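2 protein chains.
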Amino acid sequence: MDLPQELLPFTLGEGSTPLIRSKTIGPDQGQGHLYFKLETANPSGSYKDRFAAFAVADMLRTKSERCLATSSGNTGAALAAYAAAAGLPCHIVLVEGAPEGKLAQMQAHGARLVTVKGFGINKEISESIFGKLAMLASDYQTQIQVSAYTYSPVGMQGVQTIGFELAEDLPEADHVFVPAGGGGLALAICRGYQLWKHRQPEFKLPKIHCVQPEGNNTIAGNLRAGLEHAQAVENAFTRVSGLQVASVIDGNETLQACRLSGGNGYLVSDEDVFDAQRILAQCEGVFAEPAGAVALAGWRKSLKLGEMSADEKSVCIITGNGFKDPPSVAAMTAANPLHFLDNVGELENYFKSNESNQ
Amino acid sequence: MDLPQELLPFTLGEGSTPLIRSKTIGPDQGQGHLYFKLETANPSGSYKDRFAAFAVADMLRTKSERCLATSSGNTGAALAAYAAAAGLPCHIVLVEGAPEGKLAQMQAHGARLVTVKGFGINKEISESIFGKLAMLASDYQTQIQVSAYTYSPVGMQGVQTIGFELAEDLPEADHVFVPAGGGGLALAICRGYQLWKHRQPEFKLPKIHCVQPEGNNTIAGNLRAGLEHAQAVENAFTRVSGLQVASVIDGNETLQACRLSGGNGYLVSDEDVFDAQRILAQCEGVFAEPAGAVALAGWRKSLKLGEMSADEKSVCIITGNGFKDPPSVAAMTAANPLHFLDNVGELENYFKSNESNQ
Numbered sequence: 062m063d064l065p066q067e068l069l070p071f072t073l074g075e076g077s078t079p080l081i082r083s084k085t086i087g088p089d090q091g092q093g094h095l096y097f098k099l100e101t102a103n104p105s106g107s108y109k110d111r112f113a114a115f116a117v118a119d120m121l122r123t124k125s126e127r128c129l130a131t132s133s134g135n136t137g138a139a140l141a142a143y144a145a146a147a148g149l150p151c152h153i154v155l156v157e158g159a160p161e162g163k164l165a166q167m168q169a170h171g172a173r174l175v176t177v178k179g180f181g182i183n184k185e186i187s188e189s190i191f192g193k194l195a196m197l198a199s200d201y202q203t204q205i206q207v208s209a210y211t212y213s214p215v216g217m218q219g220v221q222t223i224g225f226e227l228a229e230d231l232p233e234a235d236h237v238f239v240p241a242g243g244g245g246l247a248l249a250i251c252r253g254y255q256l257w258k259h260r261q262p263e264f265k266l267p268k269i270h271c272v273q274p275e276g277n278n279t280i281a282g283n284l285r286a287g288l289e290h291a292q293a294v295e296n297a298f299t300r301v302s303g304l305q306v307a308s309v310i311d312g313n314e315t316l317q318a319c320r321l322s323g324g325n326g327y328l329v330s331d332e333d334v335f336d337a338q339r340i341l342a343q344c345e346g347v348f349a350e351p352a353g354a355v356a357l358a359g360w361r362k363s364l365k366l367g368e369m370s371a372d373e374k375s376v377c378i379i380t381g382n383g384f385k386d387p388p389s390v391a392a393m394t395a396a397n398p399l400h401f402l403d404n405v406g407e408l409e410n411y412f413k414s415n416e417s418n419q
Numbered sequence: 062m063d064l065p066q067e068l069l070p071f072t073l074g075e076g077s078t079p080l081i082r083s084k085t086i087g088p089d090q091g092q093g094h095l096y097f098k099l100e101t102a103n104p105s106g107s108y109k110d111r112f113a114a115f116a117v118a119d120m121l122r123t124k125s126e127r128c129l130a131t132s133s134g135n136t137g138a139a140l141a142a143y144a145a146a147a148g149l150p151c152h153i154v155l156v157e158g159a160p161e162g163k164l165a166q167m168q169a170h171g172a173r174l175v176t177v178k179g180f181g182i183n184k185e186i187s188e189s190i191f192g193k194l195a196m197l198a199s200d201y202q203t204q205i206q207v208s209a210y211t212y213s214p215v216g217m218q219g220v221q222t223i224g225f226e227l228a229e230d231l232p233e234a235d236h237v238f239v240p241a242g243g244g245g246l247a248l249a250i251c252r253g254y255q256l257w258k259h260r261q262p263e264f265k266l267p268k269i270h271c272v273q274p275e276g277n278n279t280i281a282g283n284l285r286a287g288l289e290h291a292q293a294v295e296n297a298f299t300r301v302s303g304l305q306v307a308s309v310i311d312g313n314e315t316l317q318a319c320r321l322s323g324g325n326g327y328l329v330s331d332e333d334v335f336d337a338q339r340i341l342a343q344c345e346g347v348f349a350e351p352a353g354a355v356a357l358a359g360w361r362k363s364l365k366l367g368e369m370s371a372d373e374k375s376v377c378i379i380t381g382n383g384f385k386d387p388p389s390v391a392a393m394t395a396a397n398p399l400h401f402l403d404n405v406g407e408l409e410n411y412f413k414s415n416e417s418n419q
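Protein sequences appear in the order of chains A and B.
For the first sequence, the numbering used here begins at 62 and goes up steadily by one.
For the second sequence, the numbering used here begins at 62 and goes up steadily by one.
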């Protein structure tokens with residue numbers, strides 16, 4: 062990696078996340094080689110810890126006096142944790158509607174939090190905020206942290222380690238399905254793999270696929286259609302928290318890097334995503350937030366379109382933990398209430414009636 | 062380990078959790094060698110995944126048709142996930158007052174949940190429930206899963222891997238601080254270390270300390286007082302979820318194993334625990350549930366009592382993630398609200414006034 066020699070990550074134990082083999086969803090579809098990369102197992106519960114470890118290391122190297130960031134939630138939760146550990150005051154400008162789990166993390170780590178109506182949802186408002194923050198960052202003698210190469214290339218180098226780990230843990234992978242908001246994650250994984258191949262020229266790169274909710278079609282549709290560029294959308298209307306990124310940001314580079322790998326674009330409905338979240342929990346024991354289930358929704362779409370063969374090996378990146386977004390879990394929990402009994406005597410009857418309902 | 066040869070864990074990526082060095086709390090006290098073992102980074106967010114991986118592997122080996130368990134939350138969340146992945150129906154009898162984060166996990170993974178008034182709080186009610194469940198388990202041709210050697214020695218062998226990892230990652234550790242409800246975790250770590258020493262007789266064991274909230278003093282007080290046995294308490298009154306275990310369970314063996322290692326008992330107040338939870342989040346970037354901060358409260362008590370020297374190396378086991386118990390985080394979040402702005406123009410003023418308040 063072309064990092065400054067002295068830049069070691071400021072670590073809280075991120076990375077080296079588990080890669081586990083699907084026990085049900087793959088085999089049920091005749092696909093024996095489906096894998097999940099559990100970024101949920103990072104210290105703050107999402108892959109953004111890899112970003113924060115490098116971003117905060119760089120802030121310490123450059124003697125920044127504070128961390129100034131925008132986030133839909135996970136970047137903020139990660140930066141809040143890492144900045145707290147580094148003793149850096151942390152200010153986070155949140156997109157509208159960041160879910161409560163991520164908010165609670167940022168609050169607990171002591172970050173200062175502010176949100177502006179329309180931020181992240183509306184393209185114009187978002188761009189105006191980025192402009193304003195760039196000026197503020199310059200006043201603060203720091204640079205704004207956003208998990209995108211356009212803004213924070215050093216932090217994104219931390220995310221590239223996902224590519225290294227996959228190349229090492231499953232060198233024979235054929236497909237990697239990656240969820241995209243602005244596209245930075247998919248681009249980082251492409252670049253990680255490319256760096257790996259640079260060192261090991263005989264290494265065979267997998268196809269890296271970009272999966273987006275229909276309500277934030279900035280990259281995936283154009284990638285599939287053979288176009289050269291990503292597109293901004295006026296309003297991101299997906300309900301999948303974290304993937305509402307109306308602007309292009311890293312979209313062009315992402316589209317080109319995925320295409321170079323032989324990857325395709327997949328658009329999935331919000332219902333596909335919530336369904337993928339449900340089967341991850343109920344059939345695989347994997348507790349993911351909706352954005353963390355988007356890759357699996359893309360894998361299922363690819364299978365439906367006949368774009369994968371049964372002997373090929375696929376990885377879905379499970380980006381964030383279910384606890385990040387409690388309301389998204391509510392549909393699953395409401396269907397399965399907790400029963401209260403007043404005394405021990407009722408226990409036997411409960412099990413008997415439960416038995417007959419099974 | 063004396064496991065059946067064929068028993069490999071049924072894995073969802075548990076274990077090999079990070080061991081990170083304190084960046085602030087230790088150094089601020091002149092203690093340069095304080096470490097945190099982040100069991101929060103297990104797939105379901107607590108060390109109980111190690112238990113579930115072995116317990117479910119054993120259920121599959123013995124062809125159990127269902128999983129029947131009691132839990133204060135984390136064992137249930139882990140078993141619900143692993144049983145879902147294994148395709149085993151899962152029934153969990155919860156102690157009264159299990160926190161909502163753990164509940165949501167169990168519900169999402171599709172476990173059947175029931176709770177009985179007084180369970181886990183009152184010794185008599187608890188013992189009567191265990192009796193009833195033992196009979197039900199026999200009807201179901203399974204055995205009841207409780208994260209304690211008394212009930213589930215095979216599952217507890219999974220927990221022993223914490224000892225192996227610590228022995229490997231920090232062989233020169235002097236002290237390991239472990240939170241205790243029934244004591245199983247501390248006992249498992251002692252046994253893991255003992256097995257390690259059995260293979261490497263020259264290995265120097267650390268002192269393994271048992272830390273309990275004052276409101277559940279079953280082991281720690283008697284360990285410190287030099288007594289031979291643990292004691293039941295009539296009602297566990299600590300507010301630290303997961304550590305309300307009124308009965309002795311593994312307490313006698315735990316007390317003896319800790320003493321054999323040279324370890325001591327530490328009793329901490331609930332306020333000590335909530336304070337340790339807060340400084341973990343705000344000074345170390347570690348998001349723990351209250352039970353996950355108990356070990357640090359014990360470490361601070363040891364320091365206060367002058368029972369540690371500055372050059373000694375200590376590890377605190379951070380057992381569970383902050384998201385497990387949202388109300389416990391509420392005090393931290395309430396002090397740090399999110400600010401809503403209506404438009405971009407207000408952003409500059411917000412930062413200016415924030416600046417002057419800093």
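Hints may be right or wrong, so weigh each one.
Same chains, same names: a pair is fine if it fits in one copy or spans any two.
Straight-line alpha carbon distances no greater than 27 angstroms define the calculated DSSO-like cross-link-like pairs of lysine-lysine that follow [stated by the list, open to error]:
1. 84 to 362
2. 374 to 413
3. 413 to 84
4. 178 to 265
5. 265 to 124
6. 258 to 365
7. 124 to 258
8. 84 to 124
9. 193 to 124
10. 193 to 374
For the record, the hints were derived by calculation from the structure and aren't laboratory data.
Because the structure is a prediction, the values reported are computed rather than measured.
Query raised in the report: Which numbered conditions among the earlier hints are violated in the structure presented, ordered from lowest to highest?
Result: Checked against the structure, the hints that fail are numbers 2, 3, 4, 5, 6, 7, 10, while the rest are satisfied.
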